[in-house]
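On the provided structure of chain A, position chains B and C as indicated by the hints.
Protein chains in written order, with our numbering: chain A, 1 to 234; chain B, 1 to 303; chain C, 1 to 369.
Treat each hint with caution, since some may be false.
Unchecked claim - Which residues of chain A face chain C? A few of them, derived with a C-beta cut under 8 Å, are: (1) L22; (2) L130; (3) S140; (4) G165; (5) S169.
Think of the hints as simulated: they come from the structure by calculation, not from any bench.
Where is the CB? At the ideal position from N, CA and C, for every residue including glycine.
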Amino acid sequence: MQLILEAIREAGSRLLSPDSDLLSATWRTLQVSGTATFISLLLGVPSGVALALYRFPGRIFIVALINTGMGLPPVVVGLFVMLLLWRSGPFGALELLYTPSAMVIAQTLIALPVVAGLSLAALQSLPARLRLQLQALGASTLQTAWLLSREARLPLLAALMAGFGAVISEVGASLMVGGNLRGSTRVLTTAVVLEASKGNFASGIALGLVLLVLAYAINDVLTRLQQRGRERKS
Amino acid sequence: MRMKLLSLFRPTQGRACQILSRPGAFLLTGAFFLAAAILPGRSLAADTSRPVVFAVGTSTYDTELLDLLLPDFEAETGTLVKVVAIGSGQALAMAERGEADLVLSHAPEAEKAFMARGLGSGRWRMMTNDFVVVGPSSDPARVQHAQSAREVFQRIERSEALFISRGDESGTHMLEKRLWRLTEHPPPPAARYIETGQGQGMTLRIASEKGAYALADRATFLIQVQVIDLEVLYEGDPILRNVYHLIISSPENGPRVNEEGARQLARYLLSPRVLGVLEEFGRTRFGRPLFVPDAEPFNMDAH
Amino acid sequence: MTAVRQTVLEIADLTVARGEHFQLRVPHLEARSGETLAILGPNGAGKSTLLEVLALLRLPDQGKVSFLGAPVRGHRQRLQFRRRISLAMQDPFLLSGCVIDNVALPLKLRGGNREEARQHARFWLERFGIPHLSERQAHSLSGGEARRASLARALVSDPALLLLDEPFSALDPPSRDGLLRDFQHALTPHTAVILVTHDRSVALSLAQQVAVLAAGRVQQVGSTEEVFRQPACETVAELVGLETILSGPVTACEYGLCRVEVSPGVGVEASGESVPGDYVTLCVHPEEVTIERQSDPSRTTARNVFDARIRSITPHGPGRRVEMECPFPLVALVTRRSAELLALKPGEVVSASFKASAVHVFPSRHAHD
Numbered sequence: 001m002q003l004i005l006e007a008i009r010e011a012g013s014r015l016l017s018p019d020s021d022l023l024s025a026t027w028r029t030l031q032v033s034g035t036a037t038f039i040s041l042l043l044g045v046p047s048g049v050a051l052a053l054y055r056f057p058g059r060i061f062i063v064a065l066i067n068t069g070m071g072l073p074p075v076v077v078g079l080f081v082m083l084l085l086w087r088s089g090p091f092g093a094l095e096l097l098y099t100p101s102a103m104v105i106a107q108t109l110i111a112l113p114v115v116a117g118l119s120l121a122a123l124q125s126l127p128a129r130l131r132l133q134l135q136a137l138g139a140s141t142l143q144t145a146w147l148l149s150r151e152a153r154l155p156l157l158a159a160l161m162a163g164f165g166a167v168i169s170e171v172g173a174s175l176m177v178g179g180n181l182r183g184s185t186r187v188l189t190t191a192v193v194l195e196a197s198k199g200n201f202a203s204g205i206a207l208g209l210v211l212l213v214l215a216y217a218i219n220d221v222l223t224r225l226q227q228r229g230r231e232r233k234s
Numbered sequence: 001m002r003m004k005l006l007s008l009f010r011p012t013q014g015r016a017c018q019i020l021s022r023p024g025a026f027l028l029t030g031a032f033f034l035a036a037a038i039l040p041g042r043s044l045a046a047d048t049s050r051p052v053v054f055a056v057g058t059s060t061y062d063t064e065l066l067d068l069l070l071p072d073f074e075a076e077t078g079t080l081v082k083v084v085a086i087g088s089g090q091a092l093a094m095a096e097r098g099e100a101d102l103v104l105s106h107a108p109e110a111e112k113a114f115m116a117r118g119l120g121s122g123r124w125r126m127m128t129n130d131f132v133v134v135g136p137s138s139d140p141a142r143v144q145h146a147q148s149a150r151e152v153f154q155r156i157e158r159s160e161a162l163f164i165s166r167g168d169e170s171g172t173h174m175l176e177k178r179l180w181r182l183t184e185h186p187p188p189p190a191a192r193y194i195e196t197g198q199g200q201g202m203t204l205r206i207a208s209e210k211g212a213y214a215l216a217d218r219a220t221f222l223i224q225v226q227v228i229d230l231e232v233l234y235e236g237d238p239i240l241r242n243v244y245h246l247i248i249s250s251p252e253n254g255p256r257v258n259e260e261g262a263r264q265l266a267r268y269l270l271s272p273r274v275l276g277v278l279e280e281f282g283r284t285r286f287g288r289p290l291f292v293p294d295a296e297p298f299n300m301d302a303h
Numbered sequence: 001m002t003a004v005r006q007t008v009l010e011i012a013d014l015t016v017a018r019g020e021h022f023q024l025r026v027p028h029l030e031a032r033s034g035e036t037l038a039i040l041g042p043n044g045a046g047k048s049t050l051l052e053v054l055a056l057l058r059l060p061d062q063g064k065v066s067f068l069g070a071p072v073r074g075h076r077q078r079l080q081f082r083r084r085i086s087l088a089m090q091d092p093f094l095l096s097g098c099v100i101d102n103v104a105l106p107l108k109l110r111g112g113n114r115e116e117a118r119q120h121a122r123f124w125l126e127r128f129g130i131p132h133l134s135e136r137q138a139h140s141l142s143g144g145e146a147r148r149a150s151l152a153r154a155l156v157s158d159p160a161l162l163l164l165d166e167p168f169s170a171l172d173p174p175s176r177d178g179l180l181r182d183f184q185h186a187l188t189p190h191t192a193v194i195l196v197t198h199d200r201s202v203a204l205s206l207a208q209q210v211a212v213l214a215a216g217r218v219q220q221v222g223s224t225e226e227v228f229r230q231p232a233c234e235t236v237a238e239l240v241g242l243e244t245i246l247s248g249p250v251t252a253c254e255y256g257l258c259r260v261e262v263s264p265g266v267g268v269e270a271s272g273e274s275v276p277g278d279y280v281t282l283c284v285h286p287e288e289v290t291i292e293r294q295s296d297p298s299r300t301t302a303r304n305v306f307d308a309r310i311r312s313i314t315p316h317g318p319g320r321r322v323e324m325e326c327p328f329p330l331v332a333l334v335t336r337r338s339a340e341l342l343a344l345k346p347g348e349v350v351s352a353s354f355k356a357s358a359v360h361v362f363p364s365r366h367a368h369d
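Okay, chain A solo, but in the shape it has when bound (with noise of 0.2 Å):
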């Protein structure tokens, strides 16, 4: 209990006056984790809203895939990823691995289906008429497809939300392809767990912190926004 109090006092003194090390863990999780999101969001929503909208061969094979990568452990993908990235592997020339540029690849393999996934239902949410509405108004391919995600938005967000929250709490493909760099791959969680395997518990539960106030905050402001459309659309 002693120990617990202590650390607690420490890390909020360490939040207090932060460092250059805490500093640059959080904003190096919010650039990686961010970038990761953002990219799973553009290659995610599309994918999920063809698969909602179209049928096609393999279909059915690319949705069980997807449903599977929702559950897929954050180290497998690291371990996947790290063997691609390898000097010896396919895209050793590259020299990815222990750099930032290979932990968004790696988060943003983590966070895809999830994305995908969540948009395919948020798609499937809508009433199947309203489709057939947007067409017989004489909307394209594209536009139905523009038009239904935007009726869909408030679930999207939902999609978006998961998706930077599966990353942001990741551990074991960031240490795996990032290497914990300090000043350079050392997120928030990475960070944590080196402090932790220091014995440093007041630094931990600090970068802990950080890293709940960071996930809150932004979860605060999407569902701000998703209630607010929410209020509007009832």
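Okay, now just chains B and C, sitting in the frame of chain A:
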């Protein structure tokens, strides 16, 4: 057509017409993150030579020694060092695959085998400290009275006490296995022998929670001593000497081994300046230095 | 001044399979400008499938669809045609955003200039009496308002073909009647309307042509008058609201007048040609059944007069629906006023009469029952 559609949903006059989704703003935010993620990498890459991958035992890594030493090196040479914290055995395996350029290891037997196979282009002693046997202060196996490390392990084996092993092919783990071999008995049965597969710090904390014995390097023990309930119960046998070596991976090991960078880094780590830092490292916090500098002079031709 | 009626959409020999067990077949259907064609059918008749074909969103497995004289084939061309079609459904499906942007949407989808689109939209909002709602959030409208906005949106693109899928149903009667009126005034003579509905009263008030669809087959196509007066079969008769449907053998037939034994010893006289011994079905229009306290042969020319026991009296629109037994079941629609004047009560025996010409006869599908 897309642009036209975008303009369609831009908010119009009146608050009531404001539309939530603003793809423009969203794309801009995303592009900002994207640029932010790419740009630092680029600016670093522009003025530097290729980075060195430096595989280091977790116990060394946790001391934060490298956090103290490397920034100067990176600033002076412009060479980025990617430190990977990993057990000594795994570190050597990485070097063998050509994934690591320089290794800081404390597993002399494995290192000798590594060099004998021609996998390294150089090996230098850098520093030493020692291993200690830790356990609960009650000392149920009475190892405090042992005359040698071999006897310590015999006593643990014969007692009912629990032993926590790293189980990760680290230098510590390799020494532990060597000690069990010396007892001429197998390690205790599974019920009394727990492999953590984790770093030294975590292993010590598990031992502390379970009131068990463990083998640890002195540096990690000192770092953890505040948060664990274990004591040094045996020390001093010459076999417990912990020697750290730097090993440069041979360019034969893989097409992208950065031997030049590894050599630069090794030369720096063996320089009098670094050894001076080592002499003081940890003194203020732990009352004694964590490592004893004991460097062989860096000479590439000698190996 | 009658506009020349142009064929906008024509389908011929159409077959569309839906699932394994359902097949829609339409031998011929034609929508002409300035005319409303109602497709009347119960749930599961294939109306939705037909609607998709009519909206050019589904190509038939077999058969020909032509739009303004040109056969409909490729994807690109279909979008060109589709942009001359519009649709309003029972669910208004307004998108989030304000009303005027919703109404302007079809024009913007067609690449229209934003301000022009809004001007057109405003015009149509006025025609449907809701210009004051233009800046309101679409999702905050009441059911009736949303239906108006949805119809305005359907008409804003000045479609050659307007498809309606029950846009007037599930509204309270005053707003429904008001909407029907406004809609009829808003229609332009060059627009062809196809109304898909199960509600015969909407078909009656809007359509000049009716096609009855049941179990994937077109049962009858004709003018509204013809279909409602002379249903081709029992299914159509049921759908157009002829509740008194009887059947039995023809016992006599001469001078265009047949006698049908609808229950042992009870005969109904009907105008029409048939052969004695034929098994036929006949139906009686409920509006044409007269109820009196006592029969007065000198005052009626009706050939069919029965003593009828009243089983129930229920409100039906502005009037009353009276179910009787005489002894076959007979339904009459009377005005509220005459129901009150006659002081009708369940259980009482009255005299019910209808003319032979109010009876419609067609060959029975239950010949061997």
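Violated hints - listed by number, lowest first: Numbers 1, 4 and 5 - these are the hints that the structure violates, sorted from lowest upward.
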